[in-house]
Every structure is written in structure tokens, then in C-alpha cells.
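Visitor: Throw the hints in and build the complete structure from the sequences for me.
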Amino acid sequence: AQTVTQSQPEMSVQEAETVTLSCTYDTSESDYYLFWYKQPPSRQMILVIRQEAYKQQNATENRFSVNFQKAAKSFSLKISDSQLGDAAMYFCAYRAQQGAQKLVFGQGTRLTINP
Amino acid sequence: DGGITQSPKYLFRKEGQNVTLSCEQNLNHDAMYWYRQDPGQGLRLIYYSQIVNDFQKGDIAEGYSVSREKKESFPLTVTSAQKNPTAFYLCASKYRREAFFGQGTRLTVV
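Chains A and B supply the protein sequences, listed in that same order. Be aware that the first sequence starts at 1176, since it is given in this note's numbering, and climbs by one per residue. Be aware that the second sequence starts at 160, since it is given in this note's numbering, and climbs by one per residue.
Hints in this document: simulated from the structure, not taken from any laboratory. None of these values were measured; they are calculated from a predicted model. There could be a bad hint or two in this list.
To be verified - Cross-link-like lysine to aspartate or glutamate pairs, in silico, EDC-like; alpha carbons within 20 Å at most:
(1) 253(B) / 1206(A)
(2) 253(B) / 1227(A)
(3) 229(B) / 197(B)
(4) 230(B) / 197(B)
(5) 168(B) / 213(B)
(6) 216(B) / 228(B)
(7) 253(B) / 213(B)
(8) 1230(A) / 257(B)
(9) 1253(A) / 1206(A)
Guide: Take a look at the structure:
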């Protein structure tokens, strides 16, 4: 079974600084997707960024970028120029490309932004 | 506007009672999912459905039941057999690569 592990329950960063959230996963599949979701206090799940496993290039969305290391099964999220609105729970998630395609989530990292 | 609607936002239930959480989507998505979220934990899959009239158990299906009679609707029933039902419940639907989430239902057993 696929598993996703986030080893940092909490992280904090100064406003305007850069922070990196870690995620590792375990799978025997070769084709899959990886995601980072943001859950603010409203509890609405918001997709931050997506990475296809077959792509070597790391995904980037404005201030958010990932470091995808397929061999190491590592998928970290870097937030540059942190803003107060970035404060939230961040979840790493995995989904196989074939089969049931259910999302498997990590335990989450609570990110605090210090003004 | 298109989206996923969960209702109610807050739900209170007495011990021993069944309760049904609603999830409706107008996105024309085939796949729908129910997740449970406990404090400080990630989302755990309860049930999922990839097509009308078909659904499968997820990782924590015990004490829950679902139906998928219409493409737009995927209600979740929390039965009295669920030992610890107090949690936040999220419904999602999927189209191609992306999943879309509802705003959730907070269920409290009193």
C-alpha cells in the first residue's frame, strides 16, 4: 500500500523568508501524481501545486516550488517570500495514475508565519 | 457556479443514532470520495465511487455506509456502529488529474 509521511508536525518562518516542508512517500508504481494541499482555518482544501512523476522538471507556481526526487521518493515544498496568508496546514498527497486513483495523504505540517 | 456542496456545515448527533451527511456536485465528475479528518491528522479515506451504482471501501469504512444512485450525489451515513464518529468529514470529486473538495461537515456526537 502507498504511504505518505510528513515528518514535521509544525514549522514556522519569518514573513518574507523562505521555508521548506518535507514529504516522503512509498509506492511500487512508476506512474503517479504528487500534490501539496493547503488547508487554512476555514478548512477548505486548496490545491497548491501538482507534480507528475514522469516529468523530471520540478513544478512551480508563483512563490511555490517543489523539489521532486523520484529515486529517493521525496517531494518537498518550498515557499518563497512567505506571506501571512500562507499560514495553514499543508498536506502532501499521492495518487496513482491507474486503478482506483484515490488520494493518500500525509499527516500534515502546520505552518506559522511570524510577522 | 460549479462546485461541491456539503451540508450541513455542523451536525450534532446523539449516541446510538444514525446520521447522513450530504454531498452534491454539479461538476459532472464520475469519481467521488469521502474522507475523515481528526485533529492533528491527515485525511483518511472512508469510501469512494468511480461510477454511478458502484462504490468501494476505503481504509476506514467500518461503521459507515454510502450510496451512489445519481452521478451528482454521494451521501455518507454514519451508523451507530461507528465507535468514534466525532470528526470533520470532507467530500471530494475528481476529474482527470485534479480533485475538488467540499467545505466539509463537522460532526459532533453528544
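Visitor: With reference to the structure, classify each hint as holding or not holding.
Guide: Verification of the supplied hints:
{"no.": "1", "hint": "253(B) / 1206(A)", "verdict": "holds (18 Å)"}
{"no.": "2", "hint": "253(B) / 1227(A)", "verdict": "holds (16 Å)"}
{"no.": "3", "hint": "229(B) / 197(B)", "verdict": "violated (29 Å)"}
{"no.": "4", "hint": "230(B) / 197(B)", "verdict": "violated (28 Å)"}
{"no.": "5", "hint": "168(B) / 213(B)", "verdict": "violated (26 Å)"}
{"no.": "6", "hint": "216(B) / 228(B)", "verdict": "holds (16 Å)"}
{"no.": "7", "hint": "253(B) / 213(B)", "verdict": "holds (15 Å)"}
{"no.": "8", "hint": "1230(A) / 257(B)", "verdict": "holds (17 Å)"}
{"no.": "9", "hint": "1253(A) / 1206(A)", "verdict": "violated (23 Å)"}
When the structure is compared with the earlier hints, violations turn up for hints 3, 4, 5, 9 and for no others.
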